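Colleague: Here my numbering is used: the first residue of the sequence shown is 1, the next is one more, and so on.
No wet-lab data here; the hints were simulated from the structure. This one's a predicted model, so the numbers in the text were calculated from it and none came from an experiment. Take every hint as true, because none was put in to throw you off.
Calculated pairs, DSS-like style, for lysine-lysine (alpha carbon to alpha carbon, straight line, at most 30 Å): (1) LYS63 to LYS119; (2) LYS146 to LYS156; (3) LYS63 to LYS87; (4) LYS8 to LYS87; (5) LYS117 to LYS63; (6) LYS63 to LYS8; (7) LYS119 to LYS87; (8) LYS87 to LYS117.
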Amino acid sequence: MGTVTTSKGEQFRRWAAVRQRDGNDRCAECESRDTSWVVLNYGILICANCAGSHRGLGTHISKVRSTDLDTFTDDEFEWIESLGNAKSNGLWEAGLPSSMRRPAADAPACIRRIWLKQKYDEQRFTAGTQSSVPPDHESHRGWMWKQGGVVPTWRKRYFCVDHGRLLWFTSEAVGDSSFRGSMPLLGTSLHLDDADGRTLTLRAPAEDGRTVSLLLRTVDSEAAEEWLWSLYQSAAAAECMSPSAAAPPQRRKGFLSFR
Numbered sequence: 001m002g003t004v005t006t007s008k009g010e011q012f013r014r015w016a017a018v019r020q021r022d023g024n025d026r027c028a029e030c031e032s033r034d035t036s037w038v039v040l041n042y043g044i045l046i047c048a049n050c051a052g053s054h055r056g057l058g059t060h061i062s063k064v065r066s067t068d069l070d071t072f073t074d075d076e077f078e079w080i081e082s083l084g085n086a087k088s089n090g091l092w093e094a095g096l097p098s099s100m101r102r103p104a105a106d107a108p109a110c111i112r113r114i115w116l117k118q119k120y121d122e123q124r125f126t127a128g129t130q131s132s133v134p135p136d137h138e139s140h141r142g143w144m145w146k147q148g149g150v151v152p153t154w155r156k157r158y159f160c161v162d163h164g165r166l167l168w169f170t171s172e173a174v175g176d177s178s179f180r181g182s183m184p185l186l187g188t189s190l191h192l193d194d195a196d197g198r199t200l201t202l203r204a205p206a207e208d209g210r211t212v213s214l215l216l217r218t219v220d221s222e223a224a225e226e227w228l229w230s231l232y233q234s235a236a237a238a239e240c241m242s243p244s245a246a247a248p249p250q251r252r253k254g255f256l257s258f259r
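Put together the whole structure using the sequences plus the hints.
Modeller: Right, here's the structure in full:
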């Protein structure tokens, strides 16, 4: 068992040196400036929000410690120093599709939770996991209620995510006869109402400069989180498909929020 570095001053010095390493000045998951937590399994520094989501995976997947409150052995420090954010992400995200993005620093907990589960528990993004089959979020579909634009009544519609657009129909037999509308996901902002946990608001820029809004309601909060994840990642894919996207971003601040 390694020797515990008991001196607070010595620990502070070592953490300062760790944070000077490549990628360690920001959270390994969302790029927040907060790096006050560490996941020992992967040797990464993370923020308080991502620490809570990592804990939710269970200690058999993520062992989370505070860099300010906990003490560490020399062996633990050496392990963290041998890895770090950049190296660890290079392993766990080696197969990450270019069309996907990590959680933004202001992303809600459900986005972080789904991201971490897929990254570490299901190991979807490691080398050799690339598949010719599109990810589930790129073809997500199901029933939701849509509020009318003129008359604010709720109507049940069948929604599909397809090639950077959200389409809705009156029937699962999607086609011209059941088609009722669509919204491009490029540049769309998405809000989850935390009052009921199942109401989503999409706002997209129109060609004439106006903002078009779409108010949706799912059957429960679990379905809302699934749609939230799908739309979040589908919007990232839409940015990659855009001709103006010279370098597809992995993060986008302010894309998701609660209201």
